[in-house]
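What follows is each chain in one-letter form.
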Amino acid sequence: MSDAEVKKPAARGGRNLELPEHLKAYKGVWVFIEHDRGEAHSVSWELLGEGRKLADTLGVSLSGVIMGGPDEPLDAIAKEAYSFGAEACYIVRDPVLKGYRNEPFTKGMTDLVNKYQPEIVLLGATTMGRDLAGSVATTLATGLTADCTELRIDPATRALAATRPTFGGSLLCTIMTLAYRPQMATVRPRVMRMPDSDTSRSGTVIEDSLGMIETDIVTKLLDFIADENSNKVNLAYADIIVSGGKGLKTPDNFKLIWDLAKVLGAEVGATRPVVQSGWVDAERQVGQTGKTVRPKLYIAAGISGAIQHRVGMEGADVIVAINTDANAPIFDFAHHGIVGNAMQVLPVLTDTFREHIALRSRKAA
Amino acid sequence: MHIVVCIKQVPDSAQIRVHPVTNTIMRQGVPAIVNPYDLFALEEALRLKDKFGGKVTMLCMGPPQAEDALKKCISFGADDAVLVTDRSFAGADTLATSYALAAAIRQIGKEQKVDIVFTGKQTIDGDTAQVGPGIAKRLGLQLLTYVSRIADLDLEKDTITVERRAEGGVQVLQTAVPCLITMLEGTNEMRFAPLENMIHAARYPVRKWNKEAAGIEDVTKIGLKGSPTVVSKVFGPTPRAEKALMQSVEDATPRDVSLNVIQKIFTQHPTLERDILAKASV
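Going down the list, the protein sequences come from chains E and P.
So that you can map any letter, position 340 of the first sequence is 340 in our numbering, and since no number is skipped, the others follow by simple counting.
So that you can map any letter, position 263 of the second sequence is 263 in our numbering, and since no number is skipped, the others follow by simple counting.
For the record, the hints were derived by calculation from the structure and aren't laboratory data.
Just so you know, even glycine gets a beta-carbon here, dropped at the ideal spot from N, CA and C.
Label pairs and their in silico Cβ distance ranges: (1) E242(P) to S361(E): 28 to 34 Å; (2) T250(E) to F235(P): 33 to 39 Å; (3) P239(P) to K249(E): 25 to 31 Å; (4) T250(E) to S248(P): 22 to 28 Å; (5) G140(P) to C173(E): 28 to 34 Å; (6) P239(P) to D227(E): 36 to 42 Å; (7) H200(P) to H22(E): 51 to 57 Å; (8) L195(P) to P95(E): 52 to 58 Å; (9) D223(E) to P194(P): 36 to 42 Å; (10) L222(E) to P205(P): 41 to 47 Å.
Derived DSBU-like pairs (lysine-lysine); straight-line CA-CA distance at most 35 Å: (11) K262(E) to K246(E); (12) K110(P) to K220(E); (13) K55(P) to K220(E); (14) K113(P) to K98(E); (15) K220(E) to K221(P); (16) K27(E) to K98(E); (17) K115(E) to K53(E); (18) K243(P) to K262(E); (19) K221(P) to K53(E); (20) K220(E) to K157(P); (21) K53(E) to K225(P); (22) K262(E) to K279(P); (23) K264(P) to K363(E); (24) K279(P) to K363(E); (25) K233(P) to K115(E).
Residues from chain E that face chain P, not an exhaustive set, calculated with beta carbons under 8 Å: (26) N102; (27) T126; (28) A141; (29) L144; (30) L171; (31) L172; (32) M176; (33) A179; (34) V218; (35) F224; (36) T289; (37) F333; (38) I338; (39) F353.
Assemble the whole structure, with the sequences as input and the hints as a guide.
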């Protein structure tokens, strides 16, 4: 979000911020490839896209880490990883790795890191990635930065400069792990852009064993109950989103958001205060503590544009903002701004869209 | 049965304001609350206590005034409270925090064996979700994160069965006690504190432990010194280089403004118009 130089922090309180000699051997960028029921989670590919940039800046290689059962399509997932930019994949295949469990996955990841010594390890901030990242970082006694919104290499130290919202999303901070390796970070799904796939790319497989048997593992996976997808809101992957904030004043006025969404075939989003007031379900919350979205069009009505909301939607291709306050922060990053009362503008905007669509559809027919 | 519930006192983030010029947090007047996610952990612990009997001990690391958060939990029905407070804990990141809390839980366990440790899913100020897993690893406890329901607890066999929120579904996991559970939000509703509890809580002598009392063995692992992560910069967001194309309903009718915006969007992004038309025709 900012191009300002990241300054090397001063050592305070007798803290060592120099990388010890024995940790300088740590090289390369790794991405944990999360998969479930035969399919990789798209956040892993988004991370490979980001990891590629970091690896290129550092002049090191980019690898994926895939752990799973012998009857899972790990080789096919590795092929896909190469197409998204990985040069190699570390594969650990073991019956105890079928279905995520903390203990065997923590051991698998920790052992790989100790053996092959990567300098950066990235994971998706999913229920799996966060569970694993916290455990691995503690076991390795290294730094972990959660829910990053930007990853760069600090030119002075060659360390990972990981930026994330802080103080409940009212400010941003850049965090570095200077004297420990690997440097670990998680990133939420949809925060980073999906890289282009090139299926002509290939890579190397490095197979490793886990060295654990089922009786070593205390926690048993008894069942997996898949969610019913029928009426689930899929905000994160919606192409068009119409969102409303507290500027709409009442839950009744929020209906104007639904009206416009219906005309555009869009999903409805909302800010945290709107969700907290119970105007819409929590699954519609866009922002740091809600969903991160990357639609082609995002219409924000009555939303001021606090960081907590911004980091969840600034990846949209086109942002249209309606707000009474010409100085609202949302106009700092919107593409089109309408200064006006959303209650007054929305109905007119909805009608105008409807007419436009009707007119164009007739022409097309 | 003995349950330890870890909580954090946090500023009510909904009320945090940032100084527009200096980009610093204006803390004055921002109320401190019990991290809302932790209340789901506390309520679940209290329900287990209702069912199986036993004791619920609260644990918090923070400045002396975090005592208020612990008293709040006593008013809901917790039995005992420990505040781990020492200047040397200041500046701790999640790794150093889990080290200190794990040490304190070991101390609490010396008084009475701990069966289950609860934490919230994450805090609302740090949002990392890392401290729970960190404590579990340090204490060698079975880790159960994002638990949506405790399906069964068998204290004879020391087994517990839970439902855990995963991507695209729910895992049913069975493990052994002792374990650490991070509780998902919205899974229960905190009970009301009766008046007599509130009076009891106000007078409750929260135990305050410094680093020695908390059993910290290695002082290089706590506070700033024990934190591998370094905050190198705190800053406000920067505007996009290109300013938004602004229109105001003061200068034109809402109708004209709407027509203008729609025309601009669709001229710049013709594929967007095609997408919308395709959806509209279905």
